[in-house]
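Keeping their order, the protein sequence lines are chains A and B.
Residue numbers for the first sequence follow our numbering, so the first one is 16 and each next one is one higher.
Residue numbers for the second sequence follow our numbering, so the first one is 936 and each next one is one higher.
Note that these hints are calculated values from the structure, not bench results.
Positions of the beta carbon are idealized from the N, C-alpha and C atoms, including for glycine.
Mixed in with the good hints there might be a few duds.
[As the list claims (entries may be wrong)] In the SDA-like style, the derived pairs of lysine to any residue whose C-alpha atoms are separated by at most 20 Å in a straight line are:
(1) A:51 <-> A:131
(2) B:1067 <-> A:25
(3) B:1409 <-> B:1279
(4) B:1430 <-> B:1414
(5) B:1239 <-> A:67
(6) A:39 <-> B:1124
(7) B:1113 <-> A:82
(8) B:1239 <-> A:25
(9) B:1268 <-> B:1124
(10) B:1117 <-> A:82
(11) B:1239 <-> A:128
(12) A:39 <-> B:1491
(13) B:1113 <-> A:24
(14) B:1117 <-> A:22
(15) B:1114 <-> A:85
(16) A:39 <-> B:1211
(17) B:1114 <-> A:131
(18) A:39 <-> B:966
(19) B:1239 <-> B:1268
(20) B:1496 <-> B:1279
(21) B:1239 <-> A:69
(22) A:39 <-> B:1241
(23) B:1075 <-> A:113
(24) B:1217 <-> B:1485
(25) B:1114 <-> B:1065
(26) B:1128 <-> B:1266
(27) B:947 <-> B:1071
(28) A:39 <-> B:1330
(29) B:1281 <-> B:1495
(30) B:1067 <-> B:1105
(31) A:39 <-> B:1059
[Stated by the list, open to error] Now the in silico label distances, taken between C-beta atoms and shown as ranges:
(32) B:1102 <-> A:51: 46 to 52 Å
(33) A:111 <-> B:1118: 55 to 61 Å
(34) A:111 <-> B:1124: 55 to 61 Å
(35) B:1238 <-> A:115: 31 to 37 Å
(36) B:1102 <-> A:55: 35 to 41 Å
(37) A:112 <-> B:1268: 51 to 57 Å
(38) B:1102 <-> A:110: 46 to 52 Å
(39) B:1411 <-> A:125: 52 to 58 Å
(40) A:54 <-> B:1238: 28 to 34 Å
Here's the letter readout for the chains.
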Amino acid sequence: MEVISLVVHDQPGVMQRVMGIFTKRRINVETIVVGKCEQPGQARIVLSVLEPRHVQVVIEHLRRQQDVIEATAVPPERHEAYALIAEERGATRLTGAIDEVQNVIEKTKPSRYIVTVNAL
Amino acid sequence: MRGAKLVVDVLKEQQVDVVFGIPGGVTLPLYDEFYNAKLHHILARHEQCAGHMADGYARVSKRPGVACATSGPGVTNLITGVATAYMDSSPMIALTGQVATSVMGNDAFQEADAFGLMMPVTKHNFRVLDPKELVPTLRKAFVIATTGRYGPVHVDLPVDVLQAEVDGKALSAPSEPKKPQKRDLSGLLDAIKLLEEAESPVILVGGGASWSQAGSQIVQFAELLGAPVVTTLMGKGAVPEDHPLVLGTVGMHGKQVASYILNNCDVLLALGTRFSDRSTGKLSEFGKATKTVHVDIDASEMGKNVRGVVSLVGDAWTVITALTAGMQQRARKDRSAWLRRVEGLKRECACSIDIGTAPVAPQKIIHEFNRLLPDDAIVTTEVGRNQMWAEHFFQVRGKRMFITSGGLGTMGFGFPAAIGAKVARPSSPVVDIAGDGSIQMVFQEFATAMENQLPVIVAVVNDGYLGMVKQWQKMFYGNRLSAVDLHGRLPDFVKLAQAFGAGATRVERPSELPEAITTALKSEVPYLLDIIVDPEEDMLPMMPPGRKASEVILGPRCNWKGGTTVGSDLARRS
């Protein structure tokens, strides 16, 4: 799993621009988290891809975008997984290392869930 | 004042002296201001051509060309022009009208998502939703188009923003300072060492060197180092092709000597090139035994197609100047044996293209243009075999320029680009080497050339086929000619040009060429030469797609003996 962290101008169209880079290179984005960040008018995007292929080139292409302020690969020790699991009583939240969260999901086989990767 | 007035004022502030475009419903406020400002506007007959004209203008003047189109179909037509500029890193400002913000997204009349459509084919694009943002956005557009690696920038202008009452004070606000270009020359010393120790170094020049106008510095460095210079299609013309060290273009239809040298050197200095597959051949086979110093203004090109041993991020002019300064202080290796070998190979590759047989051989056309055009002529091309004849045989020397759609390969590029080039440099003769297929895509622009008294020459290399496709069908698809034969389906190009008021003549024998070209050069109106050529003359040599340089198909006229005629074992590997 490769995790890329971006800081972008928070405006319409920026997601399309960022995703365009991946579309063009036939890379499927596994997970994506977008949210406001410490800088006003800017947002942080954390996305993960399975294939390590071309990650450095993709980062350079992301940096070339005018709306991308920062683009870096996040080292594996800072990767975090976050899962939301639907249960009868309501939703359960799960956080931890990627493999820990994966293990729980494999063991409990919930009927509905979503997992995403985050990192700072 | 109106928002549209601010747009015109920023164009003037940016020293824009001409706009290429076609008006429409939502650009009416803008065109109303053009009327007031007496702005020089050239009315194209198709938005795609307005884009190519702005592109041609930019490639000659090295300043951004401005193209203007209305919303919806205006935008979708313009996209081909913008994408062509994007692939060849040409600076352009594309202004398009848009439906009013109040109805945006409702599928209003002539609405298209211009912002989304232009995104993948521009360096950056904007949609101005607030009239206050007009001035800063347009200024940013010019900065982005002309900073670092050049490229087109699109600005979408909703009609209500153009009509809005705005404060003219926005113009007196200071412009954003231009950000210094990101450079990384930390590998400079490694590069110098590598080049210094090279036995058989070669310099590969790409389009980046043209944009940064580094030609004379490159030649100086080549002389200092003792290295031959080869160019890509886009780099053609960046260095004078009559210089003894310059070997011509590499790649699919390049010169044998250039491709051979490129693939048989020990150290390669690549300047402003992205290693397109058309230049390198099969990428996995390219440069296996070569140490490469890759110089490009765009950091994202490093390692994209070819892994450089040393990567230098900066514009070609800056880097080559730094390399020269570094190299001058060091002891120079004697490379006279290498240069003798290169010289011998160049002789082995040389052939006469003064072919006197009828029907006219396409090479003969280029031969006559080489001979008869002055040293400040500009040649543009369409796309196809006409382009490859011109690439292979036209000699760019002195102030000559060669303009072609390299990356996108847009048929119909050459004629409108020639019109834009003529606007940028009216004193130079401008010739579009065209094909009978491609010229039919843009023939209507004779009206534009006539209206604006732009006497460009269109030389149609008329083989009655979509020749390049036919050649591929012949070579790789068992000669099953599908949808390429235009015989009997072609209009009379001479009469057609004359219908627009242009001059025109048909050439059927090689002996008629010199007089026809001379007449065309003297013409005060646009001039078409319909040159009937031998359709069986294939564009060879050819490196088949996906193959390596040593698997090239040679033509029957080719003298090349595989680089064996010159005795020296220096760097002979394949």
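Hint by hint, here is what the structure shows:
1. A:51 <-> A:131: Distance of about 17 Å is within 20 Å: holds.
2. B:1067 <-> A:25: holds (19 Å)
3. B:1409 <-> B:1279: violated (34 Å)
4. B:1430 <-> B:1414: It is violated: about 33 Å lies between the C-alpha atoms, which goes past 20 Å.
5. B:1239 <-> A:67: Given pair residue 1239 (chain B), residue 67 (chain A) holds - Cα atoms ~14 Å apart, limit 20 Å.
6. A:39 <-> B:1124: violated (36 Å)
7. B:1113 <-> A:82: Holds. Residue 1113 (chain B) to residue 82 (chain A) sits at ~16 Å (cutoff 20 Å).
8. B:1239 <-> A:25: violated (29 Å)
9. B:1268 <-> B:1124: Holds, because 17 Å separates the two Cα atoms, which is no more than 20 Å.
10. B:1117 <-> A:82: holds (16 Å)
11. B:1239 <-> A:128: violated (37 Å)
12. A:39 <-> B:1491: Violated, at about 41 Å.
13. B:1113 <-> A:24: Distance ~19 Å between residue 1113 (chain B) and residue 24 (chain A) Cα, so the pair holds.
14. B:1117 <-> A:22: holds (19 Å)
15. B:1114 <-> A:85: holds (16 Å)
16. A:39 <-> B:1211: Since the Cα atoms of residue 39 (chain A) and residue 1211 (chain B) sit roughly 16 Å apart, the hinted pair holds (cutoff 20 Å).
17. B:1114 <-> A:131: violated (36 Å)
18. A:39 <-> B:966: Since the Cα atoms of residue 39 (chain A) and residue 966 (chain B) sit roughly 37 Å apart, the hinted pair is violated (cutoff 20 Å).
19. B:1239 <-> B:1268: violated (32 Å)
20. B:1496 <-> B:1279: holds (12 Å)
21. B:1239 <-> A:69: Roughly 8 Å between the alpha carbons, so the hint for residue 1239 (chain B) and residue 69 (chain A) holds.
22. A:39 <-> B:1241: Distance ~19 Å between residue 39 (chain A) and residue 1241 (chain B) Cα, so the pair holds.
23. B:1075 <-> A:113: violated (42 Å)
24. B:1217 <-> B:1485: holds (10 Å)
25. B:1114 <-> B:1065: Roughly 25 Å between the alpha carbons, so the hint for residue 1114 (chain B) and residue 1065 (chain B) is violated.
26. B:1128 <-> B:1266: holds (11 Å)
27. B:947 <-> B:1071: Given pair residue 947 (chain B), residue 1071 (chain B) holds - Cα atoms ~14 Å apart, limit 20 Å.
28. A:39 <-> B:1330: Not OK: residue 39 (chain A) and residue 1330 (chain B) at ~37 Å, beyond 20 Å, violated.
29. B:1281 <-> B:1495: Holds. Residue 1281 (chain B) to residue 1495 (chain B) sits at ~10 Å (cutoff 20 Å).
30. B:1067 <-> B:1105: holds (8 Å)
31. A:39 <-> B:1059: holds (16 Å)
32. B:1102 <-> A:51: 46 to 52 Å: Because 31 Å falls outside the window, the suggested range is violated.
33. A:111 <-> B:1118: 55 to 61 Å: Between residue 111 (chain A) and residue 1118 (chain B), where Cβ atoms are some 43 Å apart, the hint is violated.
34. A:111 <-> B:1124: 55 to 61 Å: violated (47 Å)
35. B:1238 <-> A:115: 31 to 37 Å: holds (35 Å)
36. B:1102 <-> A:55: 35 to 41 Å: violated (25 Å)
37. A:112 <-> B:1268: 51 to 57 Å: holds (56 Å)
38. B:1102 <-> A:110: 46 to 52 Å: holds (51 Å)
39. B:1411 <-> A:125: 52 to 58 Å: At 54 Å between Cβs, range holds.
40. A:54 <-> B:1238: 28 to 34 Å: holds (30 Å)
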